[in-house]
Amino acid sequence: MIEPNKKYDILVAGGGNAALCAAIAARRAGASVLVVESAPKFYRGGNTRHTRNIRCAHDSATDTLTGPYFEDEFFDDMMKVTAGRTNEPLLRMMIHESKDVLNWIQQQGVRFQPSLGGTLSLGRTNSFFLGGGRAMLNALYRTAESLGVDVQYDAEVTALDVRDGAFVAADVWQSDAIYKIPARAFIAACGGFESNFHWMAEYWGEAAYNFLIRGTRYNQGTVLKMLHGSGIGEVGDPTQCHAVAIDARAPQYDGGIITRLDCVVFGIVVNAHAQRFYDEGEDVWPKRYAIWGRLVAQQPGQIAWIIFDQPSLKMFMPSLFPPIAASSIGELADKLQLDVTTLEMTLRDFNMSVRTGTFDHTILDDCYTEGLMPPKSHWARRIETPPFYAYPVRPGITFTYLGVRVNEEARMIMADGRPTANMFAAGEIMAGNVLGQGYAAGVGMTIGSVFGRIAGREAAKNVRN
Amino acid sequence: MSAIELSHATASLTEADRLMTVCNSCRYCEGLCAVFPAMEMRRAFPDGDLNYLANLCHSCGACYEDCQFSPPHEFKVNVPKTLAQVRVDSYEAYIWPRVFTGVFERNGVAVSIILAWSVASFILGFVAWYDAKALFATHKGPGSFYQFMPHAGMAWLFGFAFLYALVALFMGARNFWLDIGEPLQTLKEKPSLWQAARDAGTLRYLDGGKAGCYTNEDGARDNRRLYHHLTFYGFMLCFAATCVATLYHYLLGRIAPYPIYDLPVVLGTLGGIGLLIGPAGLLQEKRKRDPAVQDEEHNGMDVAFLGMLFATSATGLLLLLLRATPLMGIVLALHLGVVFALFITMPYGKFVHGIYRFLALVRYARERRMMAEGGGEG
Chain A
1 MIEPNKKYDI LVAGGGNAAL CAAIAARRAG ASVLVVESAP KFYRGGNTRH TRNIRCAHDS
61 ATDTLTGPYF EDEFFDDMMK VTAGRTNEPL LRMMIHESKD VLNWIQQQGV RFQPSLGGTL
121 SLGRTNSFFL GGGRAMLNAL YRTAESLGVD VQYDAEVTAL DVRDGAFVAA DVWQSDAIYK
181 IPARAFIAAC GGFESNFHWM AEYWGEAAYN FLIRGTRYNQ GTVLKMLHGS GIGEVGDPTQ
241 CHAVAIDARA PQYDGGIITR LDCVVFGIVV NAHAQRFYDE GEDVWPKRYA IWGRLVAQQP
301 GQIAWIIFDQ PSLKMFMPSL FPPIAASSIG ELADKLQLDV TTLEMTLRDF NMSVRTGTFD
361 HTILDDCYTE GLMPPKSHWA RRIETPPFYA YPVRPGITFT YLGVRVNEEA RMIMADGRPT
421 ANMFAAGEIM AGNVLGQGYA AGVGMTIGSV FGRIAGREAA KNVRN
Chain B
1 MSAIELSHAT ASLTEADRLM TVCNSCRYCE GLCAVFPAME MRRAFPDGDL NYLANLCHSC
61 GACYEDCQFS PPHEFKVNVP KTLAQVRVDS YEAYIWPRVF TGVFERNGVA VSIILAWSVA
121 SFILGFVAWY DAKALFATHK GPGSFYQFMP HAGMAWLFGF AFLYALVALF MGARNFWLDI
181 GEPLQTLKEK PSLWQAARDA GTLRYLDGGK AGCYTNEDGA RDNRRLYHHL TFYGFMLCFA
241 ATCVATLYHY LLGRIAPYPI YDLPVVLGTL GGIGLLIGPA GLLQEKRKRD PAVQDEEHNG
301 MDVAFLGMLF ATSATGLLLL LLRATPLMGI VLALHLGVVF ALFITMPYGK FVHGIYRFLA
361 LVRYARERRM MAEGGGEG
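For the protein sequence lines, the chains are A and B, in the order given.
Counting from 1, one number per residue, gives the positions in the first sequence under the numbering used here.
Counting from 1, one number per residue, gives the positions in the second sequence under the numbering used here.
Bound-form chain A, shown alone (with noise of 0.2 Å):
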């Protein structure tokens, strides 16, 4: 329960990697924490429950990473996967700050182990963590709760007292009570809005309760708004969200990784007319998981249908649901409720045009389809041996864009350009800054961790001037 009569210098919103390492690193610098986590104890740290890895510069290979990756390198992979939609000097600063920070993660009681089975084009770029995103709470709760840290959890930031860019106090609900909090800084690091369905509506119309949020069901957005309603600068295409095809059986929060699915490229897509949308073997992951989202929202109803056939079952990742079988393609569609005649329509028209080459879904082969809209420009094999296989698709939000400006200090910055004056903000927050579009594994906990760990350490010096 929070103690109505206990004075900290900060207060953190939110739970996850950013909040703690921001927790941790104040704490560190000398000031007292308090951390209030809207979750209940199980569900807390938000997305961070989820990740695998993070991405740090590094300049030689480690006991866990298989070679150097150096800052150059990550700086272009980040112009290539934003494709410019950065803020440069921020992006700079991150990655150089990413090299300290994955010692300092380890010093904070996180372990790494080896790229993960299935994953080996990330070992030498992207640190995993032993036992995954929670193993890696678990083990910052710990560190900061050692360094007398003080955690509430099933609290909530539902008001802000915020006087021309200087932070006062916060309301905090907890068990049917509001606490006011004051403090002398304030830490935003509690995630984006993607978990909440009307705010997400506003942009994709109704089409958005058809979405499943992959992470948290906590990132309601609550704080973001009250601090772009304070007058904080916005940043980042409040339209848009990072979402992947991701099986419509999922539960519609918190499937995580398990429901993932990479087997586009062995088969065709269909939406809900039996049709095919999209060339399902235009590039190679990670650039094709990322789009594929983004068109089955755009499908009628917001689902699709992976068709694939015997000889492709085992060439993917397994994923927690099986995939609907059966012995024809009129069966099939039967069992998916798509129109018999269409789809084995499709299917002739696909398999006709399919020209014969080296089958190869490691590289961009040379199996590609003639004469069919939209193509199949790589890994186009015929599908005809039973049994026929269907995963059904809807797209699973990771993560919203919209966020709070800041500068180098991970302070926020007002609408007008002036800095506030004890405002902080790291994580999915203020991802925007640096990630206008696109993402690149790992990228998340790397700006939680860096701007975290800035953002504690600045709010501790704020505190003490």
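Incorrect hints may have been included.
Pairwise CB distance ranges, derived in the manner of DEER restraints [as the list claims (entries may be wrong)]:
no. : chain 1 : residue 1 : chain 2 : residue 2 : range
1   : A       : D63       : B       : A44       : 50 to 56 Å
2   : B       : F162      : A       : N103      : 45 to 51 Å
3   : B       : R204      : A       : A166      : 51 to 57 Å
4   : B       : K288      : A       : N103      : 19 to 25 Å
5   : B       : D290      : A       : D171      : 33 to 39 Å
6   : B       : A11       : A       : E331      : 28 to 34 Å
7   : B       : L270      : A       : R249      : 45 to 51 Å
Bear in mind the hints are in silico, worked out from the structure with no lab data behind them.
All of these numbers come straight from a predicted model, not from anything done at the bench.
Ideal placement from N, C-alpha and C gives every residue a C-beta, glycine not left out.
Model the placement of chain B on the given structure of chain A, informed by the hints.
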């Protein structure tokens, strides 16, 4: 829920299959122990493979604390508990002879009854052999033990009990090996045996990937590994003491009891101390553990075995302490009763976990080598 639907012998195995399908699509835990890398080599999980994985699990609990899908999440992933249930069922399935099927169901009760019966038999036997008054007289010097029971009788009785236990354990191990479908050839591969011996001897997979097992997510680390070492190596020292004493008797003609500085007594005392602290520590850590990860229904099996080991050592050390007093007779009866019960319940209690775990580690060592040499899924 894998693509290939399998039917399973028990509800626990069905649940284990579901969990392995969940875990195989996540893989975050693969650095924690041997279970998850072994799982990744598979796409479907028939009963034999699940029994193999269950016996590979040391129940450290780290994967439960690290899991984003453990209860109250709707996926309800609880690998340690489910594999513990599968494990006990597997002990039951491998039992020899089959007439004893059911002994793992209420194992604590069964073992306690056998223990009570055994101790009572020795006390009654001593009284019948000697008169009750002489039982409480003071006996000293070499051969004093054998005034209550002739050495040959003792040797035959315990030799037979031990031999029986060995046969039953061997048959159980054979059933396990057949069930998991591993070729006999693997047991002839020295690198696999050596790797498994090291992994078992150091309890490599009881440390949650070098973090130590958790008691809960707040992370007070426990000392189960230390206590298990004290128990296991204490047991081995006691066993060594018995072997040395047997050699003394038959080869050198030296008759027990031996002086306290002599090898059997030194080994037995050191082992006995380990066997006091170890089981007591394990019991205490067990109480502290999160009940969520334990197969509480079969708690009695663990407690009975630990209690039996503790009693073996306690009565043995007591005998050393009191061997020159009038209480020697009754303590000797007690000690022999406990040891006899320990021997004959070895194939029917928690003791078997060591055998199956070791064999599972042998198979795992081979699978790891095969993976390293290329091939298999990954």
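Do the hints match the structure? See the list:
1. Between A/D63 and B/A44 the C-beta distance comes to about 34 Å, which lies outside the given range of 50 to 56 Å.
2. B/F162 and A/N103 have their C-beta atoms about 55 Å apart, which leaves the hinted 45 to 51 Å range violated.
3. Look at B/R204 against A/A166: about 55 Å separates their beta carbons, and that is inside 51 to 57 Å.
4. In this structure the hint that B/K288 and A/N103 lie 19 to 25 Å apart at CB is violated, the actual value being about 33 Å.
5. Range check, B/D290 to A/D171: Cβ separation about 35 Å, and the 33 to 39 Å hint holds.
6. A hinted range of 28 to 34 Å holds for the C-beta pair B/A11 and A/E331, which are about 31 Å apart.
7. Against the hinted window of 45 to 51 Å, the Cβ-Cβ separation of B/L270 and A/R249 comes to about 59 Å, which falls outside the hint.
The structure fails to meet hints 1, 2, 4, 7 from the earlier list, while all remaining hints are met.
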